[in-house]
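Put chain A with the ligands on the given structure of chain U with help from the hints.
Going line by line, the protein sequences match chains U and A.
Residue numbering for the first sequence follows the numbering used here, starting at 1 and increasing by one per position.
Residue numbering for the second sequence follows the numbering used here, starting at 1 and increasing by one per position.
It should be emphasised that the hints constitute simulated quantities derived from the structure, not laboratory data.
All values reported here derive from a predicted model rather than from experimental measurement.
Where is the CB? At the ideal position from N, CA and C, for every residue including glycine.
Mixed in with the good hints there might be a few duds.
One-sided and incomplete, this derived list gives chain U residues near chain A with beta-carbon spacing under 8 Å [unchecked claim]:
#1 Lys54
#2 Glu96
#3 Glu172
#4 Lys209
#5 Pro211
#6 Tyr217
#7 Ala218
#8 Gly221
#9 Glu227
#10 Leu228
#11 Gly230
#12 Lys234
#13 Ile289
#14 Gly293
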Amino acid sequence: MSSLTKRDISVGMVLLQLRTVIALVLLTAVFTVLVQSSRGINFLHPLNLITISKHVAITGIMAIGMTFVIITGGIDLSVGSIVGLVGMIAGGLIHEGLVLNIFGITIYFHVWVIILICLVLGVLMGGVNGLLITRLNVAPFIGTLGMMYIARGFANIRSGGATFPNLQGKAELGNQGFPILGAGKIIGIPLSIWLMILLLLVTLYVSRKTPLGRHIYAIGGNKRAAELSGVQVKSITTIVYMFSGFCSALVGLIIASQLVAAHPATGESYEMNAIAAAVLGGTSLAGGIGTVGGTIIGAFVIGVLSDGLVMLGVSEFWQNVIKGLVILAAVILDQTQQSMNARSTEAKDKKSQKESAA
Amino acid sequence: MDDSVILRAENIRKVYPGTVALKGVDFNVYKGKVNVLVGENGAGKSTLMKILSGVETPTSGRFFLGEEELNHLTPKSAAEKGIGIIYQELNLFPNMSVAENIFTNREIMKNPGWIDHKTQEEKTKVLLKRLEQDIDPKEMVRNLKVGQQQVVEIAKALAEDVNILIMDEPTSALSKAEVDVLFKIIDELKTAGVSIIYISHRLEELIQIGDYITVLRDGSLITEKPMEEVNLQWIVSSMVGGDSGKIFHSGDRNIGEILLEVKNLGLRGATEEPLLKDVSFSVRKGEVLGIYGLLGAGRSETLETIMGLHEDAAGEILLDGEPLGPPHIRTRIRKGIALVPEDRQREGLVQTMSVSHNLTLAGLWRIVKKKFHINRENESGSVEKMFKGMSIKASTPFVSITSLSGGNQQKVVFGKSLLTNPKVLLLDEPTRGVDVGAKGEIFNIMNDLARDGLAIVLVTSELKEIMAICDRVIILSKGNVTGEFDKDSMTEEALVNASAVGHMTTSQRMKGRVS
Ligand SMILES: Nc1ncnc2c1ncn2[C@@H]1O[C@H](COP(=O)(O)OP(=O)(O)OP(=O)(O)O)[C@@H](O)[C@H]1O
Ligand SMILES: [Mg+2]
Chain U
1 MSSLTKRDIS
11 VGMVLLQLRT
21 VIALVLLTAV
31 FTVLVQSSRG
41 INFLHPLNLI
51 TISKHVAITG
61 IMAIGMTFVI
71 ITGGIDLSVG
81 SIVGLVGMIA
91 GGLIHEGLVL
101 NIFGITIYFH
111 VWVIILICLV
121 LGVLMGGVNG
131 LLITRLNVAP
141 FIGTLGMMYI
151 ARGFANIRSG
161 GATFPNLQGK
171 AELGNQGFPI
181 LGAGKIIGIP
191 LSIWLMILLL
201 LVTLYVSRKT
211 PLGRHIYAIG
221 GNKRAAELSG
231 VQVKSITTIV
241 YMFSGFCSAL
251 VGLIIASQLV
261 AAHPATGESY
271 EMNAIAAAVL
281 GGTSLAGGIG
291 TVGGTIIGAF
301 VIGVLSDGLV
311 MLGVSEFWQN
321 VIKGLVILAA
331 VILDQTQQSM
341 NARSTEAKDK
351 KSQKESAA
Chain A
1 MDDSVILRAE
11 NIRKVYPGTV
21 ALKGVDFNVY
31 KGKVNVLVGE
41 NGAGKSTLMK
51 ILSGVETPTS
61 GRFFLGEEEL
71 NHLTPKSAAE
81 KGIGIIYQEL
91 NLFPNMSVAE
101 NIFTNREIMK
111 NPGWIDHKTQ
121 EEKTKVLLKR
131 LEQDIDPKEM
141 VRNLKVGQQQ
151 VVEIAKALAE
161 DVNILIMDEP
171 TSALSKAEVD
181 VLFKIIDELK
191 TAGVSIIYIS
201 HRLEELIQIG
211 DYITVLRDGS
221 LITEKPMEEV
231 NLQWIVSSMV
241 GGDSGKIFHS
251 GDRNIGEILL
261 EVKNLGLRGA
271 TEEPLLKDVS
281 FSVRKGEVLG
291 IYGLLGAGRS
301 ETLETIMGLH
311 EDAAGEILLD
321 GEPLGPPHIR
331 TRIRKGIALV
341 PEDRQREGLV
351 QTMSVSHNLT
361 LAGLWRIVKK
371 KFHINRENES
381 GSVEKMFKGM
391 SIKASTPFVS
401 ITSLSGGNQQ
411 KVVFGKSLLT
421 NPKVLLLDEP
431 TRGVDVGAKG
441 EIFNIMNDLA
451 RDGLAIVLVT
461 SELKEIMAIC
471 DRVIILSKGN
481 VTGEFDKDSM
491 TEEALVNASA
501 VGHMTTSQRM
511 KGRVS
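Bound conformation, chain U alone:
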């Protein structure tokens, strides 16, 4: 009946659909040339790529959690503060231990226990976000904004604004080994990158192949229809915020471990990087649309951009301007995609009409 099939889609369309990948390739190419010519450094050197990926992992892991939140039609502004607070809790537990005044004793935990405590803390804070949003009907923007201030406040309260330095731990206390998370490597690749890859694979599976994933998309697309189809809207939304809290806590641990220190201001404005990565990767803020794969590519775009600009010696102020422009360009391109799509099929149809007439 209709002569138009999927294969007829023009080259232009394919380019548009892969726009984030293409942006990434272009950026990398541009920086390779510029960095080589102005600094004489090989941008594509494996060591440099690993450094960039290490930075990307920080944004990427948070952005994976953020992607699911945005797919449900929400937003999580508290992730940066959770990063900061978790770092401080970990730092405090290693540095000072848990002081129980009533008994006059101090408990020093094993590093694994500390990591576990921190991850649970992240999940709990996400859970509070979820409960605020689903049970008390607070708008996601407001609920997580509140959590953002609260978590940041506690991060400062924990140390009175000071930094916990030297988190190597002490042999006599049995709490050594924390820096491994940040400095450890498997086949020359830092653990944080492996963690991002692992998280990506797991979430790819969950989002494509499990009812949970399907339900998350359904909630964002049409909450009421999802509910009437038996989707547990409230619990699943809460789980999604818990997962975002988990990702942030993981990032908080990684950063504290990399720096071997915890500072209460760590992670400030990271939520914006996570949101930007998700949006660059094609996640729609209206909910229902997005993929974690796209988000990771988006995180790489941001990572390559920032590191490339730093290597070129562009001032921090200009870096921000350029980042903003790239994000805007990507989103505007997204808007044009639909009308381009329609126009290309119409043009095609006109051509085939003419051919059949001739």
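For chain A with the ligands alone, kept in the frame of chain U given last:
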């Protein structure tokens, strides 16, 4: 045929990615007449209307208003030229009041910059009175049922000063009494010289109201004729092309023991008057129970309560003699209750997902392996079964649900509920916007399901459907059961009269007509 053509479309072609919706269609709109447009689901009716009202641009083709050629039509310029449209998929703002919706974009201003809400509400009241509906102008549209929203859409179109009024399935959720009111208004509009384009799948309505009929099939024009020259048989056969499709066969069904029992349902709404006062009934295995009533009778609320949507509902619901337990939709679905909701856009479909994912959404738990892995073969198997069984028209199951025509979207909603393997099927206007052929198929499916021992509760505003398939029918009015009829005592008149009990305005109207 000496009527003058006011709007003329020539050789309109419209291509969407993957489908050619219109293949060079000519269409004439006669001045001061009701121009009826029919065709199967996906024939291209709505697409043509969207082009005439400036929502979509045609790929090629031209159209003329009188002698003037219309180029680059936008919704705004179409409105300026006096072309108004009531969309098939309701297009109101749920977060605004009825009055605000009616005056969107044409707000009545008090001093510059201030909306005169009072005047707007008064005018709205007058409009709704004309439509014989007591909807509060201040009510939020989100609280209205589909039929009431349709009334508001009609009121909105009436508030505009139009020369040409397009009505794309305006009555699909309206009962007979409400349709009669609309037809009276259409007559008034005609007298005032307004030309009307009318689309509906209720063919009797078309014959009653139409002056000219145009038939579309698969994006092509089949014929255009004055209505006097055609009959129902002709319409059906020219729509489907030759063989007149599957005709509904009402087979013998064995009616078994009671499966679903509903006792003293009560439900309070936002207003003082409860939505449901005291509703009790039971349905047996293999039985099709119809529920008929007017807008606001509580039909949808009854089904929603059984499904578990209303946590604060009173009363008792028994399935197989066992209480259903707390209102929890997921558990009830798994116990075998399924609902086809009335409002497919708001309650039935997830617009961001594909046809296939929409179909399997409610029944995913049945096709997963080890409780979490979605098995691709099982999923595409189920999807394929529904595509065949419901004859859904889509290029592939992976296209976005929004690219389907209205009737095909409705079939997806129906298919979704079947894939949960229900014991009790609650159907709220399941054939809304579905063409005759597919309607017959849906009825056959219902019939087969009932024969397999399902209990079916059917809410429909079409009397014909009730008469055709229901073994028994109860009438709701203002939240009470006001009548029960079995196959022998079921007559259209009896149903209409029972549905009017308690509706003062409506019953007065009915009396007025009889005398
Ligand atoms: N946005 C879109 N993208 C792709 N295809 C579309 C889009 N809108 C409509 N179509 C296709 O165009 C065809 C005509 O659709 P249209 O909505 O005009 O049908 P219709 O005659 O109004 O049917 P119904 O009686 O079911 O409302 C269908 O095959 C439909 O799938
Ligand atoms: Mg239509």
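Worksheet item: Failing hints, ascending?
Response: 1, 2, 3, 12 and 14
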